[in-house]
Structures are given as C-alpha cells and as structure tokens.
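If you follow the hints, you should be able to join the two separate chains into one complex; please do so.
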Amino acid sequence: NAGVTQTPKFRILKIGQSMTLQCTQDMNHNYMYWYRQDPGMGLKLIYYSVGAGITDKGEVPNGYNVSRSTTEDFPLRLELAAPSQTSVYFCASSYSSTGGMYEQYFGPGTRLTVT
Amino acid sequence: GQNIDQPTEMTATEGAIVQINCTYQTSGFNGLFWYQQHAGEAPTFLSYNVLDGLEEKGRFSSFLSRSKGYSYLLLKELQMKDSASYLCAVRPTDKLIFGTGTRLQVFP
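Protein chains in written order, with my numbering: chain A, 4 to 118; chain B, 72 to 179.
Excised from the complex, chain B in its bound form (with noise of 0.2 Å):
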C-alpha cells in the first residue's frame, strides 16, 4: 500500500527554526515534493528531492532519506507569513501522492 505520515499540527515563534517531519512507505520512488498552502488557496512548490541529502533554498531547506522513508522541511526565521499547511507528496509513478499536510502557526 502508500502510506505517508506527517503531524497534523505544530506550533512555532516568529523568528525560530521549526522541522516538519514526513515518513513514507510507497511502492517505487521517483522523489519527494513539499507543497505549501495557505488556508484557502491552492498548493504551491517549496521543494523536490529525489537524492539522499540535503536541499537548500533560501530559508527553506529539504533533506531526504531513501532507506528510512524519510524526510524533512526546515523553515529558518520564522515569519508569520509562514503559517500555512505544508504537503509532502511522494511520486512512486506518474502519480503523487500527497500526505494529510501539517498545519503550523506562527505566534509572534
């Protein structure tokens, strides 16, 4: 079966470092895409890893981990623009297949 894992809710200050954590168990792998969506507007592309390691770009980064089924969204210097629901997707084929999302509120 597909399965991807992510917490349903998290909080973090305006300034900090927060990790959104997202595990999967897929039948094939062809690379990891995080989304981020604001309440009530469409997903739009943070990240794509595809190789173990990590991927930066600017406050955001994306590590990936294929043996473990694992991956991470690290956002630095919180703003509170940055509260939002963030996606994992995994895509095994042409498909991708998206997690439940995790919710983050920034507090000042």
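Bound conformation, chain A alone (with noise of 0.2 Å):
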C-alpha cells in the first residue's frame, strides 16, 4: 500500500494563478481531509468529505475547492492564489464506522509558496 499520496511535492505560484494539489489514498477510507500548516501552528481542515460525492468546509475554505468523484482521490482547487495562501498543505483519511472513527493517515505534504 502506498498510503496517502500528494503531488506536486513543492511548487511556487504568481499571485492570481490557479492550481489543483492532488490527493490520492489506497486504503479504501471513507473520510478524506485537506489541512493547511503555517510555520510553528497547528493544522487548519480546509475541507473534508465523508465519502464520494460529499464534500463540506472546514475552518478555513475561502479561496478553495474541493470535489470527491471517488473513494480515492480528493483534489484541492485553488483560483486566484493569494501570498496569505502560502502554507504547507496536507491530505489525509481515515475509516469512519458507527463504531468510532480511527486514526487519520496523512500524506507527505505540499509546499506551497505564492509570490
């Protein structure tokens, strides 16, 4: 199993451009999550899906899009980077069932600047 996997690993952006960060798990989880980390913080959830189809926002969506067409994949769109959008970006899932929800698995991480 590969786990969570991001891609692209670093990348800079001019303000005004638009990415999408890639997210892709092979765990069959259900849950899928997108955190941004400045320096010396913790982790905000940006958006989050509970399972193909279903997406909803976290803490801090404005800026980002997210869409779930499937289990396993669960790309973040950003339009119109802003510098305040510079971060480290993660992506994780995790299992959920009625009988708790397990351990999120989080991937190696996107760093993200925008000049």
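Calculated directly from the structure, the hints in this document are not laboratory data.
Quick look at which bits of chain A chain B covers, simulated, 3 or more residues with Cβ under 8 Å:
| no. | stretch |
| --- | --- |
| 1 | 42-54 |
| 2 | 106-117 |
Straight-line C-alpha distance at most 27 Å; calculated BS3-like pairs for lysine-lysine:
| no. | chain 1 | residue 1 | chain 2 | residue 2 |
| --- | --- | --- | --- | --- |
| 3 | B | 166 | A | 47 |
| 4 | B | 139 | B | 166 |
| 5 | B | 152 | A | 47 |
| 6 | B | 139 | B | 128 |
| 7 | A | 12 | B | 152 |
| 8 | B | 166 | A | 60 |
| 9 | B | 166 | A | 12 |
| 10 | A | 47 | B | 139 |
C-beta atoms are modelled at their ideal positions from N, C-alpha and C, and glycine is treated no differently.
Rendered as structure tokens:
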C-alpha cells in the first residue's frame, strides 16, 4: 500500500494563478481531509469529505474548492492564488463507522509559495 | 467555541520522562488523538483516548479526563529521535480540531 500520496511536493505560484493539489489514497478510506499548516502552527481544516460525492467546509475554506468523484481521489483547487495561501498543505484519510473514527493517515505534504 | 491549549515548547534530557499537557473546550467530544510530527514531515498517529484513564503503548502513554477537559502524553526513556512536535487533537463530531502543538527538544 502506498497510503496517502500527494502531488506536487513543492510549487511556486504567482499571485492570481490557479492550481490543483492532487491527493490519492489506496486504503479504501471513506473520510478524506485537506489541512493547511502555517509555520509554527497547528493544522487548520480546509475541507473534508465523508464519502464520494459529499464534501463539506472546514475552518478555513475561503479561496479553495474540492471535489470527491471517487473514493480514492480528493483534489484541492486554488483559484486566484494569494500570498496568504503560502503554506504546507496536508491531505489525510481515515476510516469511520458507527463504531467510531480511526486515526487519520497523512500524506507527505505540498509546500506552496505564492509570490 | 472550540479551543485546545498546549504548551508551545518544552525541553528535556535524554533518558528522562516528560509530560505534555493538553486542555480542551469543545462542543461535543468523541475522542482525543495525539500525533507526532518531525520537522518537515507529516504527522503520524501516536494514541487515541475516548474513555477516562491511561492508555499505554511502549514508551508512550496517554491519559484522559473528560470531566476536566484534560489529557496528557507521557514519554518515558526519552531518546534524541523524540525531538519533534506533539499535536493534541479532539474529535467533537466528524472532524478533528488540532491544537497548535508542543515542540519538544531532547538534549543529550
């Protein structure tokens, strides 16, 4: 199992450009999440999905969009990049059932700089 | 509102024991997680508590008191490789709310 994979690892964007951060998991997890982590800070939830076709906003969704057309993939779209979106982005997945939620598995992260 | 508090930084000596505290105020509680994050890497899962008491896993233990909104992570026999950030996260509903993390530095 590759676990959670993210591409690209690094990216530099100019202000106003757009891009998609890719995330794929091969563990058949129903839940997937996108977080951002600013230097010295904790993780802030951007969007999450409880299954294919279902997405919901987290704490900091402005400036981002997501889709979940398959169980495996959960891409994050940045439209009109701004310097405030300079951060490290982590994708995560977990299995959840009526018995409880299991731990989240994280991808290696994408380091994005907007200048 | 949702609030999770942890100390920002701690230092300890190799071979010692360190306790990292976490207090929380959330609208709902369905479990508390501890994650370890080395610099420049992704967080990795350490422990999960949903009932009061102590969960032990090798050198690491985690304690929960739901009535006090309090948890701690106990690291024994510290090693240099334990230098990392430790993130406390609470699950009020379907999502996790993370604290800002405690950066632990272990010195020889």
